[in-house]
Amino acid sequence: MLRVLRNRRTRGYVIQAAVLAASLLLTLSFVLTARDNLVSQGIATGFGFLDRSTGWPINFSIIEATDRSPYSRMLLAGFLNTILVGLAGLACATCVGLAVGLMRVSSNLILNVLGTVFVETFRNVPLILQVIFWYAILTHMPSPRAAIDLAGLGFLSNRGLMLAAPAWSALDLAIIALSIIAALFAAHRFGGTRPLAPWGLALAGIVALSVVLLFLGHEPEMPLISLPELRGLRFVGGVTIKPEFSALLIAIMAFGGAYIGEIVRGGFLSVDKGRLEAARALGLSNAQINRFIRIPLAIRAMLPALTNQYVWLMKATTLGIAIGYPDYFMVVSTSINQSGQTMELLLLLMVGFLLINYTISGTMNWINGRLAIKGRS
Amino acid sequence: MPGGALSRPPPAMAGRLHQLRKRLFSNWFDGIVTLLAGAALVSIVVNLVDWAFLNAVWSEADVSQCREVSGACWSVIDARGRLVLFGLYPFDQHWRSTLACLIIVITMILSCLPALWGIKRLSALWIAGFGTFVVLMYGGIFGLSVVTTEQWGGLSLTVFIFAGVIVLGMPMAVGLALARRSKLPVIHWLAAIFIDTVRSLPLLTILFAAAVVVPFVVPQWAQGDKLGRVVVAFAIFYAAYQAEIIRAGIQSIPSGQEEAAQALGMNYRSVVLDIILPQAFRNTLPSTINQVVITFKETSIVTIIGFFDVTASASAAVGRGEWGAYYIEIYVFVALIYFVFVFGLSRYGAYLERRTRLHHG
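Residue numbers (the working numbering), protein chains in the order written: chain A, 939 to 1315; chain B, 31 to 391.
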């Protein structure tokens, strides 16, 4: 027996069989214990519970979800909330990160200092502490009666940020969409050879067309923009951004911005100095060097790290549960508490996050592939 | 610069001034940017100093004084600092919690010394440090009274989770990295699937599963207490990330070295422990430190699943009562605690990175 094990190939097979058997046994024991527990608690397995109504509400959703909605609808609402705050957070964090990164690579000393202070402050404090901090600040704002007036654009109170919102009908939206298409077509058709001109033309065209069409096609008694107004103890009209959402967004923006700032800085620093000197020697102006050499090369160097950061930030939206933002994870964990369908819900949770992560990394890899320098590699 | 390039360089002082001028006012646009950004910087600094120092109350814990000033009320730290640092740990035993934290800090500082870099020495150091920490905190021997983990809280709970995750996670990470590099297909694929699944899930969901779901699928006798389960789950999460770092380090070693070692008749254990791992760790030291830093920050996530770590106790300290209005001061205090740990560690990582870059030319 021992002599058989001395043969390297046989030993390999034995080890593999043992490991496989052990992991199968472990899984089997999990399943059996779970089944015993389910039977003793009288819970039926399977996804039948998705059609039952939940009996509990969530405080924020972009689709209609009340305490009478079924679990499937509630889970979808949570999933959309995750995507909403995630995409908004990624967009804001990227803008902040770009600004901070550029500040850190600029030749201006004071911009360097400001960028460094930003990065070191927001990167070195846990995200969840920042989320809780901003939430505390936002919920300590004055009550709606004493709300802070933001120069006519909206109000800030402990119930959230009330903003003026466009009150556009489907017809208005269709008009805007049509004018954008028309302007893009015009830019494409009559643009000429100068690279920036068609875009300026298109932008001007969109604005002019939209304004004209909106005023022509609009019913006179309906206002174009709905403003928030104080009625009694609360605000009516406009759009209300809840403090849960804003706090999570601000925290992701600052924390993600600091990390993305470092990625942007790394990208710019990675550009080979020789190439910049070569460009200067060829007589390119500073603006041309930035546009044709430095920025394209820096973006290519940033993309892989940026993909990881995006996936990380998207997963970090689960921290919203600390302040009661009903994201996918919070809806799933409340459902587990309420329905007891632990295994099924955990599976849905995993599938949801795998879906989000692979979509992000797939998209970023596609962009990476499109941007990669063709030819030699 | 025709002609001038060969002339004598200007005196050092003028050179520095010239450099400064070039970095602040190289052209009119730069000048405007400098003025605007400078104004922003000055106003931030002035307001901060005004709030934190000039108008602040530093005296003993007395709320009435704080109501009269516009600045920070640092008395709240005096009043609630113990709650933040020690949580529900018995009041007369606070010295144990302090000492335990100090021991881990000393262990961390010691492991930054290159003289102690070796697999055996570092393992011994951390097992000793972590063991002493647990004995001090839990008690039960040497005449120390028993303090169960439900009573642990504040900074020492944060430090315990952090140290536990590193001590358990590092060997797991080595195991996973080697398993993923294994030539046996079953081992390789199981490790790969495990690592990729764990990495694609948020930490919070894994900790949640450990706290809530494990009692459901694991027989009673194997469950352990909630804190233990969460630390093990966190360690698995850390190990999945660290394993990929180690794997990258292993791949950066030329394969000739492994072959040479085998040709010399060294066995697998010896090849891994004496040839592969030391180099793999040295090559990936900056990313390892980065991962450790991230882990320290992420210990704060246990707040959500009901542990009383330093973040949770900060919220509890300002939850209600007369000090509730001074929540900013408490959060700034806790943020500073994290900042000191994290900033110190990441500076050290940056120093190491510069050093290795210099050594490699």
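Keep in mind that the hints are not guaranteed to be accurate.
[Stated by the list, open to error] Derived lysine-lysine pairs resembling DSSO-like cross-links, with alpha carbons at most 30 angstroms apart:
1. B:K213 <-> B:K150
2. B:K52 <-> B:K150
3. B:K327 <-> B:K150
4. A:K1180 <-> B:K327
5. A:K1211 <-> B:K52
Bear in mind the hints are in silico, worked out from the structure with no lab data behind them.
So, going through the hints one by one against the coordinates:
1. B:K213 <-> B:K150: holds (27 angstroms)
2. B:K52 <-> B:K150: violated (53 angstroms)
3. B:K327 <-> B:K150: holds (27 angstroms)
4. A:K1180 <-> B:K327: With Cα atoms ~27 angstroms apart, K1180 (chain A) and K327 (chain B) stay inside 30 angstroms; holds.
5. A:K1211 <-> B:K52: holds (20 angstroms)
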